[in-house]
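Chemist: Each chain, written out:
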Amino acid sequence: MKTHLKILVLLIFTFTQGMLAQVQFESSVSRNEVPLNENVRVDFTMNSEGDNFKAPTFEGFKVVGGPNQSVSYAWTNGKKSFSKTYSFFLAPTRKGTLTIGSASIQVEDQTYNTKPISVTIVDAVKREDPRTRLNHSQEQVLNGIHLVAEISNTTPYQNEPITIFYKVYVERGSNLTNWNGTSIPKYNKFWVNSIEIKELKVESGTYNGKEAQFITFKKDILMPLEVGNIELEPLVLDIQAEVPTGRRDFFGFPEMGYITKTYTTGKRTVKVKPLPEEGKPDNFSGAVGTFDFKVTPSGDTSANALESLNFKVEVKGQGNMNLFSLPKLIASDKLEVFDPEYSETVKAGNNGLQGSKTDSYTIIPQYKGEYYIDPISFNYFDIKSKSYKTISTDSIRINVINGPDLPTQEETIKESQNSNTEVFQSLKTNLNAKKKDTQNYWNSTLFYILTSIPFLLMPFAVVLINSKRRKNSDFEGLRLKHNNRLAKKYLSEAKKNIRNKELFYDALERCLHNFLKAKLNIETSEMSNDNIKELLTENHISEDLTNDYLQLKNACEYARYTPTAQANMNNDYNNAIEIIAQLEKQFK
Amino acid sequence: MNKFIFILVLFTSTIWAKEVDSAEKFKKANTLYEQKQYSEALKEYESLEREGVQSDNLYYNMGNTYYKLHEVGSAIYYYEKALLINPELKEASVNLKFAQKSLEGKITKIQKLESKDIIYQSFNFLSFNQWAKVATIFAFLSLALFILYYLSTQSLLKRISFASIFVCVAAMLISSYAAYSTKDYEDTYNPAIVLEDNAVFKDEAKNSAKTIMELKEGTKVYILEEKALWFKVKLENQEIGWLLKTSLRPLK
Numbered sequence: 001m002k003t004h005l006k007i008l009v010l011l012i013f014t015f016t017q018g019m020l021a022q023v024q025f026e027s028s029v030s031r032n033e034v035p036l037n038e039n040v041r042v043d044f045t046m047n048s049e050g051d052n053f054k055a056p057t058f059e060g061f062k063v064v065g066g067p068n069q070s071v072s073y074a075w076t077n078g079k080k081s082f083s084k085t086y087s088f089f090l091a092p093t094r095k096g097t098l099t100i101g102s103a104s105i106q107v108e109d110q111t112y113n114t115k116p117i118s119v120t121i122v123d124a125v126k127r128e129d130p131r132t133r134l135n136h137s138q139e140q141v142l143n144g145i146h147l148v149a150e151i152s153n154t155t156p157y158q159n160e161p162i163t164i165f166y167k168v169y170v171e172r173g174s175n176l177t178n179w180n181g182t183s184i185p186k187y188n189k190f191w192v193n194s195i196e197i198k199e200l201k202v203e204s205g206t207y208n209g210k211e212a213q214f215i216t217f218k219k220d221i222l223m224p225l226e227v228g229n230i231e232l233e234p235l236v237l238d239i240q241a242e243v244p245t246g247r248r249d250f251f252g253f254p255e256m257g258y259i260t261k262t263y264t265t266g267k268r269t270v271k272v273k274p275l276p277e278e279g280k281p282d283n284f285s286g287a288v289g290t291f292d293f294k295v296t297p298s299g300d301t302s303a304n305a306l307e308s309l310n311f312k313v314e315v316k317g318q319g320n321m322n323l324f325s326l327p328k329l330i331a332s333d334k335l336e337v338f339d340p341e342y343s344e345t346v347k348a349g350n351n352g353l354q355g356s357k358t359d360s361y362t363i364i365p366q367y368k369g370e371y372y373i374d375p376i377s378f379n380y381f382d383i384k385s386k387s388y389k390t391i392s393t394d395s396i397r398i399n400v401i402n403g404p405d406l407p408t409q410e411e412t413i414k415e416s417q418n419s420n421t422e423v424f425q426s427l428k429t430n431l432n433a434k435k436k437d438t439q440n441y442w443n444s445t446l447f448y449i450l451t452s453i454p455f456l457l458m459p460f461a462v463v464l465i466n467s468k469r470r471k472n473s474d475f476e477g478l479r480l481k482h483n484n485r486l487a488k489k490y491l492s493e494a495k496k497n498i499r500n501k502e503l504f505y506d507a508l509e510r511c512l513h514n515f516l517k518a519k520l521n522i523e524t525s526e527m528s529n530d531n532i533k534e535l536l537t538e539n540h541i542s543e544d545l546t547n548d549y550l551q552l553k554n555a556c557e558y559a560r561y562t563p564t565a566q567a568n569m570n571n572d573y574n575n576a577i578e579i580i581a582q583l584e585k586q587f588k
Numbered sequence: 001m002n003k004f005i006f007i008l009v010l011f012t013s014t015i016w017a018k019e020v021d022s023a024e025k026f027k028k029a030n031t032l033y034e035q036k037q038y039s040e041a042l043k044e045y046e047s048l049e050r051e052g053v054q055s056d057n058l059y060y061n062m063g064n065t066y067y068k069l070h071e072v073g074s075a076i077y078y079y080e081k082a083l084l085i086n087p088e089l090k091e092a093s094v095n096l097k098f099a100q101k102s103l104e105g106k107i108t109k110i111q112k113l114e115s116k117d118i119i120y121q122s123f124n125f126l127s128f129n130q131w132a133k134v135a136t137i138f139a140f141l142s143l144a145l146f147i148l149y150y151l152s153t154q155s156l157l158k159r160i161s162f163a164s165i166f167v168c169v170a171a172m173l174i175s176s177y178a179a180y181s182t183k184d185y186e187d188t189y190n191p192a193i194v195l196e197d198n199a200v201f202k203d204e205a206k207n208s209a210k211t212i213m214e215l216k217e218g219t220k221v222y223i224l225e226e227k228a229l230w231f232k233v234k235l236e237n238q239e240i241g242w243l244l245k246t247s248l249r250p251l252k
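These protein sequence lines map, in sequence, to chains X and V. Residue numbers for the first sequence follow UniProt numbering, so the first one is 1 and each next one is one higher. Residue numbers for the second sequence follow UniProt numbering, so the first one is 1 and each next one is one higher.
Chain X extracted, bound-state conformation:
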């Protein structure tokens, strides 16, 4: 058992040794200490053909050459040896100990890595390479090229747009052929709007009093967002210039060569001033520049209800156009105001952004009447006069001609303001203290009693009046009343027929008869005028009344057979009542 294990360990050992011996992948550097301005070569060597070579990222270095491949085969004593090398030339970018990471390669599905190598970068050494040393005329050429950042205003207000131009000045006698940006500034504390330069133009101007040609190759509009001294990063360019080599060609003309030199604009500082506090409006919009503000109706300001009206709120001018918002349009709440449609035409120009911003509002009135759009004001900081300015519009009247009336009685009350003649009133001198009136008559018991008493008294009043009447009685009156009622009862039939003459008189006569029959207990057959007269006299009826009775009775008979006027019928009826009542009275 033990021996088996030993053999196994040995086997594994020899195999792995063999595999390790098979593939070697190593890295090496030409030197471990490198001055900053010199290059270092790094080699990645392998002894077997591999795929997927991956170079490290070379942090802290700039690859100036490579990768170069070299392959060598050698047969020595019948033994093949192979080696393949990838080489890179690196220029360090900073001082200190830099590490070259590991490269990787794949050989037969196995990945091999190199070990990282440390390289110490030391200070640049001054080096006079006779080949690269510039002669006087070459230096002159290079000194005639200037890279400049021109800032339109180095002391702007916060939010005030400034323009930065990057220009290359080329003095006479110098020529440049190409450039390559190595460091392009980012503006951290600015709102940036880059202006695209479509075509590079060569313009002439002066640089430090010398005549020069220049090219503007970058233009940015900056709006400082913070207050204080803000440093702008430099722009660094590698510029290739055409310089004389000092040699002459076959024809005797000076031969020209190219040389690349790094130029920088240097750091620039912008001193940003805060906007003055003095006169700053409470609702300052943040706009800085010169602007014009307008609210215009597009079309008519009168319409029918449910028809749309359009209004434009527009700011035009130049300044930080994109850094403020338009004031809102506020109209009477009886009008339906829809969210505005925003549009802008803003272009970057030499003085910042210019153009216009527009909010288009659609208003649909609901009810008939006159409404107003509140005055709108827009404020901005005017760069020219260095002061705040406010543009206010007038209120706009909207006339809704036709439509339903407002349904509520809600109304806004205009606060009355003190007129100029009114002054603060002085003290009052007399203390006219008022007693608290705690005693309420309303809802008190007294109120309920006093108010209900008259109604409770009404039945008592009725009872009282009646009993009093009975007591003092004009008895006569009562009797008369009674008799009248009796007569009326008898005459009810006659009354029914008051429209028909014959029937009326027939009924009336029968009534007179019936009355007497009831009173005197006689039969109709005994009803002769003489007989009646005799009986009435017997009953102590006055002679006048007897005559009246008989006269009426005769009149009835007479009327039944002859035409008489209608008026007599009412007359006779009333007469009959009177007579019966009188008779009744005298019978008792």
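The hints are simulated quantities; they were obtained by calculation from the structure and are not laboratory data. One thing to keep in mind: the hints can contain errors.
What the hints assert, rightly or not - Example chain X residues on the side facing chain V (calculated, C-beta under 7 Å, incomplete):
1. 431
2. 432
3. 445
4. 447
5. 456
6. 459
7. 528
As the list claims (entries may be wrong) - Okay, the calculated bits of chain V under chain X, using three or more residues with CB under 8 Å as the criterion:
8. 23 to 34
9. 57 to 67
10. 75 to 81
11. 144 to 153
12. 225 to 231
Each residue gets a CB set at the ideal place from its N, CA and C atoms; glycine is no exception.
Based on these hints, arrange chain V on the given structure of chain X.
Modeler: Leaving out everything else, chain V in the frame of chain X:
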């Protein structure tokens, strides 16, 4: 017995003395005011107020004193209080406008007349007690007309008096209703003044509720109901919300 009379005399004299005392105090406070010793004047006025003196002129003078002390909220409170007792006090309304002018963020007044407001305005020419008295008078008048109706024998007179009874009864009912509605309206009319600057006007009666807006000192509100630490109030622009009780002071 002697003792009793003595006590009685003492009692009445204190009542009488109290009135004189109040007038004296008022005069003293006014002099302090004229001498521009506003905080001393205010102390005197306040002691008068504590004694329960109810006077439009006292409140008006207190308003002036607060105004001079630059306490605009309290000034508005006392002007409004003076106007509540005596709406015809012109000086108070003039000075109130002065006080309100220095107030920021004023709320636009929106008047919304509900039916009860209209009823109140049409009945307001008499107080509810006067209306109650009118109702009683009409009750007696209807009794008199009833007797007249019963006694009269002339049919025209009878007819007129009979109709008049109904008119009187109707008038009595109407004036009772007027008394009722006027009283009811006055009971529910409960204005108050915000005396805390930036008082939070909440959506609900909770501290965590959404703040609708912040009310400036001196804003007039109308109390609708009460709930624990909160008042439900209506602003002059008809907005309704809740305010902490501590941030306002009712005028009544």
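Chemist: Could you run down the list of hints and mark each one as holding or not?
Modeler: Verification of the hints:
Restraint check, residue 431 of chain X versus chain V: the minimum CB separation of about 4 Å is within 7 Å; hint holds. Annotation: interface hint on residue 432 of chain X holds; nearest CB of chain V at approximately 6 Å, less than 7 Å. The beta carbon of residue 445 of chain X is not positioned within 7 Å of any beta carbon in chain V (closest approach about 12 Å), and the interface hint is therefore violated. At its closest, the beta carbon of residue 447 of chain X sits 5 Å from a beta carbon of chain V; the interface hint therefore holds under the 7 Å criterion.
Residue-level restraint check for residue 456 of chain X is violated (minimum Cβ-Cβ distance to chain V is 9 Å; threshold 7 Å). With its C-beta approaching chain V no nearer than about 10 Å, residue 459 of chain X sits outside the 7 Å limit, and its interface hint is violated. The interface hint given for residue 528 of chain X is broken, as the beta carbon of that residue sits about 42 Å from the closest beta carbon of chain V, more than 7 Å. With 6 residues having a Cβ less than 8 Å from any Cβ of chain X, the region 23 to 34 of chain V passes the three-residue criterion, so the hint holds.
Remark: the region 57 to 67 of chain V is confirmed as covered by chain X, as 6 of its residues place a Cβ nearer than 8 Å to a Cβ of that chain, reaching the required three. Figure legend: the region 75 to 81 of chain V, annotated as covered by chain X; annotation inconsistent (0 residues with Cβ-Cβ distances under 8 Å, at least 3 required). As drawn, the region 144 to 153 of chain V meets chain X at 4 residues by the rule of a beta-carbon pair under 8 Å; at three or more, the given contact holds. Coverage of the region 225 to 231 of chain V by chain X is violated. Counting CB-CB distances below 8 Å, 0 residues qualify, and the rule asks for three or more.
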